[in-house]
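Undergrad: Residue strings, one per chain:
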Amino acid sequence: MLIFRKPIEGIDRPQMPADVVIVGGGPAGMACALRLSQLIDVHNAKNPESQRSKENIYVLEKAREIGQHCLSGALLDPRSMRELLPGFEKEAPLDAEVTKEAVYFLTEKSKFKLPITPPPLRDHGNYVISLNRFVKWLGGKVEETGITIFTGFAGSELLFDGNRVTGVRTDDKGVDKEGHQKSNFEPGYDLNAKIVILAEGPRGSLTKQLVQKFDLAKNANPQTYGVGIKELWEVPSSRIAPGEVIYTMGWPLTTKEYGGAWIYGSKDNIVSLGFVTGLDYADPRLDPQRVLQDFKQHPFVTKLLEGGKMIRYGAKSLPYGGWWAIPPVAGNGWMILGDSAGFVNSARLKGIHLAIKSGMLAAETAFEVLRNDALKKDDSSAATLGDFQKKVESSWIKDELWKVRNMHQGFARGFYAGMFHTALQMVTGGRGLRNRYPAKAGYEHMRKLAALPADGGAEAHLLGPAKGDGKLTFDKLTDLYHSGTKHEEDQPSHLVIHDTNICNTRCVKEFGSPCQNFCPANVYEMVDDATQPSGKRVSLNPSNCVHCKTCDIADPYQIITWVPPEGGGGPNYDGM
Amino acid sequence: MPDTILVVVEQREGKLNRVSWETVTAGQAIAAATGWTLEAAVVGSRASAIAAEVAAKKVAKVYAVESPKLEPYTPDAFAAALKHAIAAKHPKLVLMPHTYQVRDFVPKLATAMGRTVISDCIGFKHENGKLVFTRQMFQGKFAADVSFASDAPWFATFQNGAFRGDKAEAGASVAPVETINVDIADNVIRNKPQEVFKEAKQAVDLTQAEIIVSVGRGIKEQKNIEIAKQLADALGGDLAASRPICDNGWLPMDRQIGSSGQTVAPKLYLALGISGAIQHIVGMKGSRTIIAVNKDSEAPIFEIADYAIVGNLFDIVPPLIEEVKKAKAGN
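Protein sequences, first through last, are from chains A and B. For what it's worth, numbering that gives the first Met the number 0 labels the leading residue of the first sequence as 0, then goes sequentially. For what it's worth, numbering that gives the first Met the number 0 labels the leading residue of the second sequence as 0, then goes sequentially.
Possibly wrong hints are sitting among the right ones.
Unchecked claim - Restricting the straight-line Cα-Cα distance to at most 30 Å, the calculated cross-link-like pairs of lysine-lysine (DSBU-like) are:
{"#": "1", "chain 1": "B", "residue 1": "Lys124", "chain 2": "A", "residue 2": "Lys466"}
{"#": "2", "chain 1": "B", "residue 1": "Lys284", "chain 2": "A", "residue 2": "Lys470"}
{"#": "3", "chain 1": "B", "residue 1": "Lys324", "chain 2": "A", "residue 2": "Lys508"}
{"#": "4", "chain 1": "A", "residue 1": "Lys207", "chain 2": "A", "residue 2": "Lys485"}
{"#": "5", "chain 1": "A", "residue 1": "Lys176", "chain 2": "B", "residue 2": "Lys60"}
{"#": "6", "chain 1": "B", "residue 1": "Lys284", "chain 2": "A", "residue 2": "Lys485"}
{"#": "7", "chain 1": "B", "residue 1": "Lys284", "chain 2": "A", "residue 2": "Lys308"}
{"#": "8", "chain 1": "B", "residue 1": "Lys266", "chain 2": "B", "residue 2": "Lys325"}
{"#": "9", "chain 1": "B", "residue 1": "Lys82", "chain 2": "B", "residue 2": "Lys140"}
{"#": "10", "chain 1": "A", "residue 1": "Lys390", "chain 2": "A", "residue 2": "Lys135"}
{"#": "11", "chain 1": "B", "residue 1": "Lys266", "chain 2": "A", "residue 2": "Lys5"}
{"#": "12", "chain 1": "B", "residue 1": "Lys325", "chain 2": "A", "residue 2": "Lys5"}
{"#": "13", "chain 1": "A", "residue 1": "Lys466", "chain 2": "A", "residue 2": "Lys45"}
{"#": "14", "chain 1": "B", "residue 1": "Lys228", "chain 2": "A", "residue 2": "Lys535"}
By construction, these hints were calculated from the structure, which means they are not laboratory data. From a predicted model like this one, the values you see are computed outputs, not experimental measurements.
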């Protein structure tokens, strides 16, 4: 019997007042905290009579250590960091400056180099970084300011008073598999906050609660996502220069799927490579982890990796629905940042700089509220937080996203149509054939098995689990081992399936249980069960989860909700 | 009459729990800060002996709260006895160590008196005439100062190690001991204590095993584990498993081998129906000889196995048990 995680009901919880609670210590949340501290410092220097304290500003981070759950390619566009910390290049962990870039179109055995690198993919001046190390460094800066980062604490619920968000409830600790309190039970805290800032990353669980409660997405395009599967390799020297950047399109995907690969040369013969597969593919048997394994078997990639060693693995989803998919980002007591909002430039495959910028703008907005409070000025918090919406719309975040507002939607009918629309949009300032291209959610593109060729047709090589040769390619469990994922085993499942009957009766027949395929961490398994008419039953391994949220996004029935497990659990990314 | 602090000293079956000295130290410190009088109480059927021991410390008075009904310990009787003593002596503040026994009865006692407990404190402060207790929050990342808003008596418990027991000051003279005999009606005690036992720690230390028979998913059903057990018994070895088996609850967690279980290096490791995911391999690859039985000839376990048997374990294990038994009988 599966028991799913939910906050324990009917208990007294410790209450704690807060000025600002930031949920999520990634680039957006850390930038927000740091900017807030800077503004308070300036204010306090100018206003000795109305000092503003930082003591009641908190960051909740579900990882045991700062940066441990952060994963990206990553290339950093330094624009926002230069605004946040001028001269940051001198002390930040930047692995290499981009020196060379190329874009290839792959067929199964060959490659074609694009004669010019398309402008959005020109990366000179950007830096190759490990996001988790970068965030660790940024988190250290935040801690120096006196702002408290609660590592190992997740936001499990939003607190409301009517239409106002009034705080965040943290995760209950010490709950066993059956949902009973263990001897080390510690109830989650209610942080009663003037301002709640959601910086949870893509498909944030509190953001999802908020969007559903207030139907925030009603005027936006459905958000569309990809899942990036990443491996870090140590390769023999001089295979790739530090700062060399390669993008590929094409194989192993066919023209029907959206996606592509990155290969970044870092320092010390480390190569970051990964494959982003759009979570709007048709065949439920497709396995994104396998797509990466296929990609590595292309002669071009094999040559790069041969004799090397895979050292880390991880996965993360990314929202690339663009400008039209972003819901309102501010309201009564709340603001939404970074990937949670959908601030990703899908043409440039970059979001870190936008996440940081959104954090800075939110900090400016939050500071207005705190200052008015300190100066005992009347304020209508709703209106003040609404300023964040205006700040985003008048900032370079919008300039950048507006130009590519229809980019991903243009690919709805495949690669060639996508290239046509992209070219058209480039010469029309992002407009293309119309101002706003519509979109539908990725899971709606998934087709039932009956409508697909039994042998997989042109997609056959993408379907089903990778076997792995143990050297160049790996099965999922071997890859997963290299994510360092660990959770308290005795706790309710944090993958909440609202109706397992659908899994065991309908999905198994109609779609062949795609959860087993799209999950890059082997969380979902269909096991034999004679008591089920289908002979199969869904079984979960929640402690394998790498927190990528792909299941929540890609499940065709939308019956899976990802919620944070007991704080402290999750992947242990290092150098990712 | 000045305000008093009452430290409840813990005893069980006539033996003083030494953590109580820490609470006496805490009580002495609070008394020094507030100017209140410090008293102590021992609750039990034979409290007097311990009360005499406590009377040597710097306290104004020691109460031996006695009743034959206090042996054996029950939360009902202890709460009733202390309620009686507190009602008679009306201390302002009642201090206790944060022990299992206190955690058992103090919520009942406080609730019965319409009061709350500030539990598991790590210190106190006396500021501007106000007594404030410090508790940890967010798993020790934060400390919170908490004070009582209600009328006395106030209840507080201190965490182990918050004060030093060896710093409890001895008194200049022995404090007087007053016995309070409590009458506890039969119907008050609703708990019936059974034999005291220590939870038997499963005595499996697989790291010391010389022979391990380990089962994986290939065993199919819980009832089939029996044949692996028979093989382990025949070989004189221990039974272990890969994670899915323990996850299903078919074998206890302490028999799990692998990255989320134990790491072993026996002389002989027999892997039955284990595919050999890296998460399992890291827990047993140091075994001297590995024999693997698996239906799938490409199972990764065969890459590290010294002897590979490709086949159905249900065909292979029963005759293997017979052969082992025969060989052993022959010796």
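Undergrad: Please go over all the hints and tell whether each is borne out by the structure.
TA: Status of the hints after comparison with the structure:
| no. | hint | verdict |
| --- | --- | --- |
| 1 | B:Lys124 x A:Lys466 | violated (64 Å) |
| 2 | B:Lys284 x A:Lys470 | holds (18 Å) |
| 3 | B:Lys324 x A:Lys508 | violated (47 Å) |
| 4 | A:Lys207 x A:Lys485 | holds (25 Å) |
| 5 | A:Lys176 x B:Lys60 | violated (49 Å) |
| 6 | B:Lys284 x A:Lys485 | holds (21 Å) |
| 7 | B:Lys284 x A:Lys308 | holds (20 Å) |
| 8 | B:Lys266 x B:Lys325 | holds (21 Å) |
| 9 | B:Lys82 x B:Lys140 | violated (35 Å) |
| 10 | A:Lys390 x A:Lys135 | holds (28 Å) |
| 11 | B:Lys266 x A:Lys5 | violated (45 Å) |
| 12 | B:Lys325 x A:Lys5 | violated (55 Å) |
| 13 | A:Lys466 x A:Lys45 | violated (64 Å) |
| 14 | B:Lys228 x A:Lys535 | holds (28 Å) |
In the structure shown, a violation is registered for the earlier hints numbered 1, 3, 5, 9, 11, 12 and 13, in ascending order.
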